[in-house]
Structure formats: structure tokens, C-alpha cells
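The primary structure of each chain is shown beneath.
Protein chains: 2
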Amino acid sequence: MHTKTVLIVHAHPDPASLTAQLAAAARDALRGAGHEVLQSDLYALGWKAAYDERDFPDRLDPARLSFVDESGHAFRNGTQPDDIRAEQAKLLAADAVVFQFPLWWFGMPAIMKGWIERVFAYGLAYGYKDAGNTWRYGEGGLAGKRAMLSVTMGGPASDYAPRGINGQLDELLFPITHGTLFFPGMEVLPTHAVYDTGRIDAAGVAAAKEALAARMHTLFGDAPIPYRTQNGGDYPDRHLLADGVAPGVTGLRAHLGTA
Amino acid sequence: MHTKTVLIVHAHPDPASLTAQLAAAARDALRGAGHEVLQSDLYALGWKAAYDERDFPDRLDPARLSFVDESGHAFRNGTQPDDIRAEQAKLLAADAVVFQFPLWWFGMPAIMKGWIERVFAYGLAYGYKDAGNTWRYGEGGLAGKRAMLSVTMGGPASDYAPRGINGQLDELLFPITHGTLFFPGMEVLPTHAVYDTGRIDAAGVAAAKEALAARMHTLFGDAPIPYRTQNGGDYPDRHLLADGVAPGVTGLRAHLGTA
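Residue numbers (the numbering used here), protein chains in the order written: chain P, 1 to 259; chain U, 1 to 259.
Just so you know, not all the hints are guaranteed correct.
One copy or two, either will do: identical chains are not told apart, so a pair holds if it fits within one copy or between any two.
What the hints assert, rightly or not - Once the Cα atoms are required to be at most 20 Å apart in a straight line, the calculated DMTMM-like pairs of lysine to aspartate or glutamate come out as:
{"hint": "1", "residue 1": "K48", "residue 2": "D14"}
{"hint": "2", "residue 1": "K4", "residue 2": "D201"}
{"hint": "3", "residue 1": "K48", "residue 2": "D83"}
{"hint": "4", "residue 1": "K90", "residue 2": "D222"}
{"hint": "5", "residue 1": "K129", "residue 2": "E139"}
{"hint": "6", "residue 1": "K4", "residue 2": "D222"}
{"hint": "7", "residue 1": "K48", "residue 2": "D58"}
{"hint": "8", "residue 1": "K90", "residue 2": "D28"}
Please keep in mind that the hints were generated in silico from the structure rather than gathered at the bench.
The following block holds chain P by itself, in its conformation from the complex:
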């Protein structure tokens, strides 16, 4: 078996939290299978969540803050802060990235959103090769890597079902799975979800750890979500689906190759 490197990014300040326990379970399962594991425990790192001018100590334009321009400038010239560079080094070393977090207001905790914003630099995760949007959705600076969301939610699975009141889970997470992870080229696996954490008991925690460990064992074998690649022919002008592709289908689901 070829050994792989996996980065686990997790976001909960309590080392005894379910999130921390699940991150540890994933780590142990991966190590048990012979993989190398890197970890980013964002609260323990004291990760700076807000993306701001302090992230660009050497400005291209001191008068006007364009995040896109300054991100590209800092990434190209090696003037990013050390914390960003350290996380990018882990990301680049990883064959797969697992994000473990509680779903807060139907998205990542702010501290993890800030990890994405600061680490996913122009030239790396967007604006790859400084070629605008030439390489995105299936190709880009993170191509060849896998990604998986592992989320916990207080509410029941029915709330996230195809006709559940919160909205269908994979569509709620599309801005992350498609727009954040597939965008720079990662293959994104179906999300791993643990529900009803508001009333989970010890047996439930044990079952959740086991289920996640099982997912870790197939991390490099499972089929990714079949999102359509930008340059595979479905978007001839790189913006709109061709009329003949999934004719009449609109919305997020249109971007699934199965639609």
C-alpha cells in the first residue's frame, strides 16, 4: 500500500468536544492504516480568523486594499505571514484534506472560514498561474488532492433530507464542496454527517467514531461527487452550461454529472 499524507483541519475549542474526538478518531484510523497525518486544530493554534491588511505586510498598493491583488503579490513574493505559509505547506504536502466541524448557521465556523480565506491564496487556489479563471472547477493549484467534509449537527437527519425543512444537506454545503474545494481542483468526497448531537450518548459517540474511521479507510478509494469540470466540455464558454447538457435543469443540481 502506498502511504499517503492527510491533513485534518478541525474547529472546536474544547479538547473534549465531539469535534475533537472525531478528529482524533480520523487521525488514529489513518495512522493505523499507515498514512501520515498532519493536523490543524484551529482554536489551539489561535488561528487569526479575520482576513485583513495585517496579512499583507508588503503591499503592492499601500493606498488601496484589493484582496485579490495583494494576495497574489504576497503569495508570489513570499511575503505572507508565517501562519499562512505554514498552513499552505501542510495543504501542499497533503494528498487529502478532512475538515471536521460543527455546522453553525449552515456553514463552517468563522474561524475555519477564515482559514480558507487566508490560506487559499490567489495563485494557489484561485487565479492559478495568474490566468484568471482558465483553471478552475476540477483543475487548479490543488488538483490531485482529495477533500472531505465531516460535519456534526444538533438537529435530526430528517431536517436535512431532500424535503427536510433546513434544506437538503448536499445543496446547503455546495458553496463549500463545489465553490471552495472543487474550484481549486480537489476531488470532493460525499460529506460525512453526524446528526442529533444535541442528545448524543456514549454509544452514539462510539458509533460516530467508528463510522468516521470506516470513511477514512476508503478515503482514497471512494468515488468523489461527480461535479462537472469547467474544461471538460459542459461549459463551452466557461460560464454557462451548454444547452444540450442536462437540458432544462437549473440551480445547484445542474452541476452534477448525473443531472
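Chain U: place on chain P using the hints.
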């Protein structure tokens, strides 16, 4: 005309940014119409983005950090930090809230996500009246208020069209409009979007300000997005759409009263 109070929350650190200019245009239009305007310029406030144990100086359980439990405890007992209380006071005083932000990785900037996480306390924006999910989606602690997202994006409108490669805009923003704002009872207006900001010129900025000002003039008259209310009959068990409601429709769109 009855004078209303509007809170504008915006997130960009550069006072000359398009975001700051649009927030100012919205403010001026509202004041010109006789309304009271409150502002939360999150970067200027130095808003603490990460939600963590420092937000609960008086813990219910010092050994184990449950955000839900500690949020409810702190909100009930008046032991929240001053910055959170100040923002809640503005929110409670407001008849409408406008969120002005650049779309970063298809969501709010982390600093604004952190405003939601810290300000939208248990007992106020969820767990209203400590009654679990009895009051949500159309009813709750923020009922009677209106909300509107005003977003800017570097890319073209076609990327966000019903068959655009990024995904249809209103579905990308559903976790915010439905899951964050309609959840605690706000009436959410259709999103105001400005595209192509990567290459906007002075005339484009002027047009964008004017279009936003026009939206501000109809803020209290425009029809909200027709999301289905939890307790209006469409979700008899409070979890799943009744079979007879939008039969066969799945995903985010099922929660629109027009589906």
C-alpha cells in the same frame, strides 16, 4: 411616513472599498428618506471573529464547552461580553438589517460570519423562548424585522445564472437567507448583487450606488422571498414537507412557496 430604523452591517477594511462606498450609499439613501441608520463597520470595530470560550466569562459548565448551553446561559443572565450586547441592542432596535459584503468563497467574509455566530445567541435567534425548534422559519426572536443581503462579486452575472458554473445565486446564498435570517423570523428580501467588480469603472460604481439606493427606497415595501413558514401547515411534523406540498420537488427550491 413612519420613520424606521435600519442597521447596516458591512465587512471590508478599506474605507475606500466598493463595499464601504455601497454601505455609505445605502446609509445616505435611508437617511434621505427620513430613516434612522445604525452602522456596524466590522473591521473598523475590530470585531472578534472567532466564537470561543472568551465569549462566556461566566460558565454554566467550566469543564465542558457547549456553545448552545453557554450561549443561552450568557444571554439569559446578561453575562455576554460588551461587544456582543452592543450589537444585539442595535439588532433589536432595527426594523431592517442590510448586510453589505464581498462574496468570498461563496459566503460571508469570516468576520461577518463571526458576527452572526456571536450575536445570534440561543434564546434570541435560535432556541427562542427556550422552546427548542418550536419557533423557527418565519417566527422567532427577530420576527417583524426585514433583512437584505447586498453582495459584490468579482465575476460576471452569467457565472451565477440559473445554469451558470458557480451555481444559481439565490441557491448559493440559501444557507444565509433561509438558514440564518428567515430562521429567527426575519422577512428576507431578494439579494442585491453587483457583478464584475474586478473591472468596475467610475461609471459602474456610480450605477451600483444608485441601484442600491433605489433598493433602499423600497426596503419596507418590496415583497420578501416567499419561504415557507415552519408553522404555516407545510411541515406538519416541523421537519419534512407534507407529501401534498410541492409534490416530488426536492432540494432548496422546495422551500419556496412558489415551488
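Violations among the numbered hints, reported as their numbers in ascending order: 2, 4
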